[in-house]
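K.L.:
Turn these sequences into a full structure, and let the hints guide you.
According to numbering that gives the first Met the number 0, the stretch in the sequence shown is residues 0 to 327, in order.
If you are wondering where the hints come from, they were derived from the structure by calculation, not from laboratory data. From the three backbone atoms N, C-alpha and C, an ideal C-beta is built for every residue, glycine too. Mixed in with the good hints, there may be bad ones.
[To be verified] Capping the alpha-carbon separation at 20 Å, the derived lysine to aspartate or glutamate pairs in EDC-like fashion look like this:
no., residue 1, residue 2
1, 81, 206
2, 81, 207
3, 153, 206
4, 153, 165
5, 153, 207
6, 153, 71
7, 153, 178
8, 81, 71
9, 144, 178
10, 81, 64
11, 81, 178
12, 81, 310
13, 81, 261
14, 144, 120
15, 153, 115
[Said to hold, decoys possible] Listed next, with one range per pair, are the computed distances between beta-carbon atoms:
no., residue 1, residue 2, range
16, 204, 276, 19 to 29 Å
17, 99, 148, 19 to 29 Å
18, 112, 306, 38 to 48 Å
19, 278, 64, 34 to 44 Å
20, 262, 76, 17 to 27 Å
21, 321, 79, 34 to 44 Å
22, 99, 192, 28 to 38 Å
23, 285, 170, 38 to 48 Å
24, 193, 285, 28 to 38 Å
25, 97, 278, 15 to 25 Å
26, 110, 274, 31 to 41 Å
27, 302, 282, 42 to 52 Å
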Amino acid sequence: MSWRSSCPSLRLRRLLLYFPPRPSTRRTSNDLSSAHKNIMRSLAIVAVLSGALAVLAAPSGPVVDICGTHVDPTEASALEAKFAASKKTIASRAPFPGVVIPVYWHVINAGPDVSDGNIRDCEIVANINVMNNDYAGSGIQFSIKNITRTTNAKWFHSVDQGTTYETAMKRTLRVGGADTLNIYTVAFDEIENPGLLGYATFPMYYEDAPQDDGVVISHLTLPGGALPRYNGGRTLTHETGHWLGLYHTFQGGCDGPGDFVDDTPAEASAFSGCMKGRDSCPQDPGLDPISNYMDYSDDACMNQFTPGQWDRIAAAMSLFRGAGATDS
0 MSWRSSCPSL RLRRLLLYFP PRPSTRRTSN DLSSAHKNIM RSLAIVAVLS
50 GALAVLAAPS GPVVDICGTH VDPTEASALE AKFAASKKTI ASRAPFPGVV
100 IPVYWHVINA GPDVSDGNIR DCEIVANINV MNNDYAGSGI QFSIKNITRT
150 TNAKWFHSVD QGTTYETAMK RTLRVGGADT LNIYTVAFDE IENPGLLGYA
200 TFPMYYEDAP QDDGVVISHL TLPGGALPRY NGGRTLTHET GHWLGLYHTF
250 QGGCDGPGDF VDDTPAEASA FSGCMKGRDS CPQDPGLDPI SNYMDYSDDA
300 CMNQFTPGQW DRIAAAMSLF RGAGATDS
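P.N.:
Shown next as structure tokens:
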């Protein structure tokens, strides 16, 4: 199937959908009732956007937890022991051209409009194009196989990690095996963390919980979305990095093995904005990798994976997702 790849005047279209012009026709009492409902819905949308923008507005500084994909040091050590034991059986070197990951994109919405989360096919294609460009150095490409649309207000507003809504959503919609990327777009506007933009599952989790595998992101983070600083499509790049086996660049802070990638400098904590030259671990070599896709920087500031990250992705793909590096 061919997916439309052009979204003309995307930002203008989104503004018109969130704040539609008044019609000039004569209204009946039913029209006024409907108009009142539309006004109330628009006010609710403005409130949600205002809250999100307030959380994400600061140009730099400590940030809210925009990504929900985390492991504590004990869990990370256990996962890495499993990873290391398996890596002994392969030779993992990126890039590995020819690896095409099938993508099933599940649009969760609360109604028929884009303001309800019912994003257009062309926006999805635009985000996959961004991700293919970002992962070009790995030899991996992502190919849309199907786009589904589900109207479920509870899922749209309330899905979060470990909730019954997430379980029901994934049990109903997820398709494919370990090498298939399922992406879900939701709102994250009725959960405990109002700044959440996305989360994902690590490939090391697949064997024990295949039904949970996938990436969940906010529908506002697609290219041209309504979140300044995070509307370039890089939330999907970041969360898919987790799905492929990468940790945050600030994993573990300044101590220990960090993100288990040798060529990403140590980083004490996440930092928002685009503060080049930051050095939060001065005792370690290198400046903070604020341009790395696995940090929390603005979308416009992100432009890099390292060779070590490519190698880790190659190993994880071979070991846990059945593609990529060749056996030694």
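K.L.:
Each hint needs a verdict: does it hold in this structure or not?
P.N.:
Going down the list of hints, with the structure as the test:
1. 81 x 206: holds, 12 Å
2. 81 x 207: holds, 13 Å
3. 153 x 206: violated, 29 Å
4. 153 x 165: holds, 10 Å
5. 153 x 207: Judged against 20 Å, a Cα distance of about 27 Å means the pair is violated.
6. 153 x 71: violated, 30 Å
7. 153 x 178: violated, 29 Å
8. 81 x 71: OK: residue 81 and residue 71 at ~16 Å, within 20 Å.
9. 144 x 178: holds, 13 Å
10. 81 x 64: violated, 27 Å
11. 81 x 178: The given pair, whose Cα atoms are some 19 Å apart, holds under the 20 Å limit.
12. 81 x 310: Holds - the C-alpha atoms of residue 310 and residue 81 are around 17 Å apart, at most 20 Å.
13. 81 x 261: OK: residue 81 and residue 261 at ~18 Å, within 20 Å.
14. 144 x 120: Distance of about 12 Å is within 20 Å: holds.
15. 153 x 115: Answer holds: residue 153 to residue 115 is near 12 Å, not above 20 Å.
16. 204 x 276: 19 to 29 Å: violated, 36 Å
17. 99 x 148: 19 to 29 Å: holds, 24 Å
18. 112 x 306: 38 to 48 Å: With a Cβ separation near 44 Å, residue 112 and residue 306 satisfy 38 to 48 Å, so the hint holds.
19. 278 x 64: 34 to 44 Å: Violated: the Cβ-Cβ distance is about 23 Å, outside 34 to 44 Å.
20. 262 x 76: 17 to 27 Å: holds, 21 Å
21. 321 x 79: 34 to 44 Å: For residue 79 against residue 321, whose Cβ atoms are near 20 Å apart, the range 34 to 44 Å is violated.
22. 99 x 192: 28 to 38 Å: holds, 34 Å
23. 285 x 170: 38 to 48 Å: With a Cβ separation near 43 Å, residue 285 and residue 170 satisfy 38 to 48 Å, so the hint holds.
24. 193 x 285: 28 to 38 Å: holds, 33 Å
25. 97 x 278: 15 to 25 Å: violated, 39 Å
26. 110 x 274: 31 to 41 Å: Cβ of residue 110 to Cβ of residue 274: about 39 Å, so the range 31 to 41 Å holds.
27. 302 x 282: 42 to 52 Å: About 27 Å separates the Cβ atoms of residue 302 and residue 282, which means 42 to 52 Å is violated.
In this structure, the hints that do not hold are numbers 3, 5, 6, 7, 10, 16, 19, 21, 25 and 27, in rising order.
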